[in-house]
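**Q** Sequence:
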Amino acid sequence: MKKAVRSDPCLSRMGLARTLRPTRCFPLVVRAEQTTQTTSQEVKVESGVSSSGASTPPVATPPVVLPSERGNLGLAVGAVAAAVLLFSLPRFGAPAPSLATLEQRSTPLDVALTNGRPTLVEFYANWCEVCRELVPDEFELEKRYQGKVNFVMLNIENSKWAPEAAEFGVRGIPHFVFFDKTGEPLAAAVGRVPRQVLEGNLEALASDAPLPFAGAQGRTSSPVAPAGAMAGPRQTMPRDHA
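Letter by letter, the sequence shown follows residues 1 to 242 of UniProt numbering.
Some hints here could point you the wrong way.
With a straight-line cut-off of 25 Å between C-alpha atoms, the simulated BS3-like cross-links for lysine-lysine are [stated by the list, open to error]:
| hint | residue 1 | residue 2 |
| --- | --- | --- |
| 1 | LYS181 | LYS143 |
| 2 | LYS160 | LYS181 |
| 3 | LYS181 | LYS148 |
Ranges between beta-carbon positions, derived for each pair [claimed, not checked]:
| hint | residue 1 | residue 2 | range |
| --- | --- | --- | --- |
| 4 | GLY200 | SER159 | 28 to 36 Å |
| 5 | VAL111 | GLU140 | 32 to 40 Å |
| 6 | ARG219 | ALA79 | 18 to 26 Å |
| 7 | LYS148 | ALA79 | 30 to 38 Å |
| 8 | ALA79 | LYS181 | 26 to 34 Å |
| 9 | VAL111 | ARG192 | 25 to 33 Å |
| 10 | GLU164 | ALA79 | 29 to 37 Å |
| 11 | ALA79 | ASN126 | 39 to 47 Å |
| 12 | LYS148 | PRO185 | 15 to 23 Å |
| 13 | ARG219 | GLU103 | 52 to 60 Å |
| 14 | ALA79 | ASN115 | 21 to 29 Å |
| 15 | PRO212 | ARG192 | 30 to 38 Å |
It should be emphasised that the hints constitute simulated quantities derived from the structure, not laboratory data.
Just so it is clear, the structure is predicted and the values come from calculations on it, not from any experiment.
Beta carbons are placed, not taken as given, at the ideal position from N, Cα and C, and that holds for glycine.
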């Protein structure tokens, strides 16, 4: 009696006799080995070693800058640029103040004498050299006491201010008149007076104290205006204080 032999599916696919003993399917084993070898080779290549055993030279990679580091670097550069800009503005950016600057910042006379603040009135002219010399000091003082003291500029070349010039006896310029907060004149100063005279009187006006320098006088630009500066009737200029 013959012993029954169990059929092997691999041998059946290959067309071999059913009487052979079951064995492994070699094509499957070969494919598995190839797959294993390929995987091993891929792992070796990734680690920097080729299948032949030669080492792959390392490739230099640039440093990675994180977004936060880029942001900090940008802030640092921006801060330096802003500091340089602020340092250079007083020298190169901002124009020097002039009589026109003071004129533009001036308060109209009728407003100054009725708004409840003390007032400094200056009679000046564009041709006045001493007036131009005092501009830097006046500009700084005007900014310091802004909102506390009114600053009024009256151009004597404007015939509109002839009555005021006659009332306060303007003979030389610059001519300063100090008013209290009710609009009453307190004292006058004429010519190129020292800065401390203007500063001391302005501080007294702002604090409602007696003026420390009343009737101060200094060098004037000219006791009489140049020919034609005040001679004859002139058309009133459009600005109230010009």
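**Q** Of the numbered hints stated previously, which ones are contradicted by the structure, given in increasing order?
**A** 5, 6, 8, 10, 13, 14 and 15
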